[in-house]
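**Student:** Chain order of the listed sequences is A and B. Per this note's numbering, the first sequence starts with residue 1, numbered consecutively. Per this note's numbering, the second sequence starts with residue 1, numbered consecutively.
Wrong hints could be hidden among the right ones.
In silico DMTMM-like cross-links for lysine to aspartate or glutamate, where the CA-CA straight-line distance does not exceed 25 angstroms [said to hold, decoys possible]:
(1) A:K129 with B:D44
(2) B:K319 with B:D351
(3) A:K129 with B:E64
By construction, these hints were calculated from the structure, which means they are not laboratory data.
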Amino acid sequence: MLTAMLGRTANNVYWMARYVERAENLARLLASTYHMSLLPAAGSSDTSQWEAPLSLAGDRADFLKRYSEITPGTVLAYMALDPENSSSIRSCLRLARENARATRPELTTEVWEGINQTYLEMESMSYSKMVDQGFREFFDWVKERSHLFRGAVYGTMRRGHAFTFSRLGTFIERADNTARFLALKWELLAPSGRPLAAEDYYRWGALLRAFSAFKAYREVYSGIIEPRRVAELLVLRRDMPRSLFACSAETVDILRNLRSEAACTRVAEQIHERLQRNRIDGILRSGLPRFLNGFVVRNNELHGMIGQEFMLVL
Amino acid sequence: MKLGSAFDEMNGNRDGIRGAYRAYEEWLRGTPIELLIERHQQADLIFRRLGITFSVYGSEEGVERLIPFDIIPRILDPEEWRIVGSGVCQRVRAINAFLDDIYHEQHILKAGRIPAPLVLNNPSFRPEVLGLDLPRRTYVQVAGVDVVRVSANEFYVLEDNVRVPSGVSYMLENRETMMRIFPELFALQSVAPVNHYPELLLRTLRSTTPPGVSDPTVVVLTPGHFNSAYFEHAFLAMQMGVELVEGQDLFVEDDTVFMRTTEGPRRVDVIYRRIDDDFIDPLAFDAGSLLGVPGLLSVVRNGRVALANAIGTGIADDKAIYCFVPDMIDFYLGEKPILNNVPTYRCSIDDDRAYVLDHLEELVVKEVGGSGGYGMLVGPMSTAEDRYTFRQKIDAEPDNFIAQPTLNLSTCPTLVDGKIAPRHVDLRPYVLTGETTQVVPGGLTRVALREGSLVVNSSQGGGTKDTWVLEC
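Turn these sequences into a full structure, and let the hints steer you where they fit.
**Tutor:** Below you can see the structure in the form of structure tokens.
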């Protein structure tokens with residue numbers, strides 16, 4: 001049975017999970033951008049590739065004030081390590097830990113120590129260290145710490161409110177990140193309908209890998225990688241853990257268990273129904289980025305309503 | 001002036017190993033220093049991973065720091081503990097009786113045992129709670145009495161700390177850590193356990209519930225996670241299995257305190273508050289406080305919520321009132337004090353002040369309302385300039401200062417810079433008052449890590465040790 005918890009604490013647990021998830025997805029985005037930049041024929045689009053992450057999670061003006069130019073190195077330093085960038089991986093992990101600390105009594109030792117250890121290791125990370133150990137190793141580390149966090153939550157926490165709000169934070173954040181990330185990459189890769197060249201194959205492959213979806217694609221669809229199917233996999237497939245469909249299904253489930261009659265539960269259901277109703281060809285016809293941006297807005301409204309309903313956030 | 005060599009907890013006055021340390025010393029002699037150093041590092045890692053940190057006020061970075069933990073325990077034998085344990089309980093019983101008295105009939109003032117103005121004009125005296133009847137007449141559910149030792153049989157109480165004493169989580173975590181890194185030592189001898197403290201605390205808090213509540217909801221009220229003792233607040237809430245709340249989580253309605261939960265308001269009956277009187281209710285005290293709960297005092301006054309400790313306890317551990325604790329013990333309990341008070345000069349008294357100003361080099365001068373080792377002068381360690389500054393301060397505000405002879409605190413062997421050396425220590429046992437007044441065997445031993453230093457406060461570079469009371 002669920003027992004009540006403080007609204008403020010629910011808010012802390014929820015944000016703890018959101019920040020861990022955000023750090024993981026940022027690592028995925030940067031890893032994928034880094035990987036793509038190593039591919040041949042990057043050519044003139046090189047800088048624009050690195051501008052993309054900036055527009056997603058960061059402040060371009062703030063960046064340009066403190067870094068002379070947009071290069072892979074400066075963007076990585078800013079997005080991964082800069083403590084003054086409130087969206088950097090370092091900031092996300094610090095905020096996750098701060099929220100965890102503020103609600104320490106609600107967490108199991110495993111969850112708290114995992115998050116605290118992540119924060120301590122992150123604090124000792126520097127750019128030269130990141131270069132030494134390799135960017136990929138660093139991004140893998142962020143992902144592993146996030147897996148560890150979710151595993152500890154799932155494997156050790158009582159199925160009470162703290163567990164529930166942590167899960168809720170994970171899926172709200174993941175849905176948001178998947179939508180933004182996909183919209184961004186879609187515009188960058190700009191599928192025009194022409195047959196894909198070899199380099200396109202690598203780029204779409206890298207995009208799938210960023211969502212840990214390469215293997216799944218191969219299992220679900222046979223043959224070459226088609227943008228249309230990539231979109232379907234990440235937006236509408238119910239069995240893909242990072243797809244919008246899967247995230248919104250989890251959110252609906254959680255909210256129905258919490259309070260089925262609440263207004264936020266209704267909104268979550270509407271978001272989910274929209275995904276159920278749609279087919280990928282219809283979405284692509286009216287424009288995938290437009291669809292995704294609409295999703296982000298509604299998901300954010302849902303976030304606000306959850307705050308009002310349970311966390312006394314006004 | 002220089003202090004002579006101090007009494008050592010392990011070596012006495014260099015006249016052979018003392019009883020309590022016999023088994024430990026033998027083990028220590030057979031243990032290579034490298035092993036100690038290694039275990040010490042292991043302990044640091046454990047503390048860091050657990051997140052047992054505190055923030056330092058006034059430090060530039062505002063970062064979290066570890067309180068240095070020393071792995072050589074402070075050990076007391078059963079007889080020594082009998083004196084300390086019964087002595088601190090005696091003081092807390094007297095102080096509870098004193099508080100109940102001065103907020104009701106004020107017999108002790110009428111009898112002339114304590115000058116009335118010293119109590120009634122004191123900023124820590126709270127007329128707001130005059131005439132208020134508390135459950136079990138208990139004002140101080142939790143006290144942390146600071147005890148120091150100067151010889152085999154002489155213990156002194158420095159401060160009674162009956163407002164919001166902290167540090168008990170270190171007592172508990174130090175023991176956990178010692179049992180983890182030195183399990184063999186606990187097989188060597190029988191050390192009295194302390195781990196049941198949270199259980200006793202919860203029982204104590206529940207026992208002072210307002211009348212008419214059968215299954216009370218207890219909460220811990222913290223100023224928030226930026227407070228230096230936040231870890232402890234979280235730790236105790238977790239150990240007791242109660243909610244950790246901030247002021248913003250509570251509100252007053254219908255003469256009742258509620259907390260805001262995901263399922264709506266829930267009634268609160270007992271608040272273990274880790275916030276000072278001044279900040280606890282912006283309507284009654286400091287109006288600028290964002291930490292407290294508006295309207296809380298009126299609910300307290302109507303007996304519909306209990307606070308631990310009660311509002312107004314600060315008068316009893318005021319440094320000027322401290323001098324009268326032996327009188328309280330006599331007046332209320334009809335007993336002789338088991339532990340000594342340190343002779344105290346009150347600078348508000350002309351003769352005392354003259355003596356203090358003449359003997360600054362020998363005395364410890366403290367601000368009446370100060371705590372945490374801030375704003376004090378340790379005469380024998382001071383420079384001429386320090387003394388000049390204090391002379392000015394005392395002249396300007398004599399009422400604000402007291403002075404005491406510099407006690408040569410006992411030392412305890414301590415691992416410093418890879419070597420074992422004596423360092424001065426004190427001891428803070430935690431006294432709980434509910435159905436009875438009791439104390440868990442041990443407490444927090446604080447150690448001044450700088451050679452010769454007598455200031456053990458963590459904010460001044462002090463560390464802590466596990467404290468063992470041996471069982472017979």
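**Student:** Hinted pair, alpha-carbon criterion (25 angstroms max): K129 (chain A), E64 (chain B). Please report holds or violated.
**Tutor:** 24 angstroms, holds
**Student:** Would the hint linking K319 (chain B) and D351 (chain B) be met if the CA-CA limit is 25 angstroms?
**Tutor:** 18 angstroms, holds
**Student:** Are the Cα atoms of K129 (chain A) and D44 (chain B) separated by 25 angstroms or less?
**Tutor:** 24 angstroms, holds
Against the hints set out earlier in the document, no violation occurs for any number.
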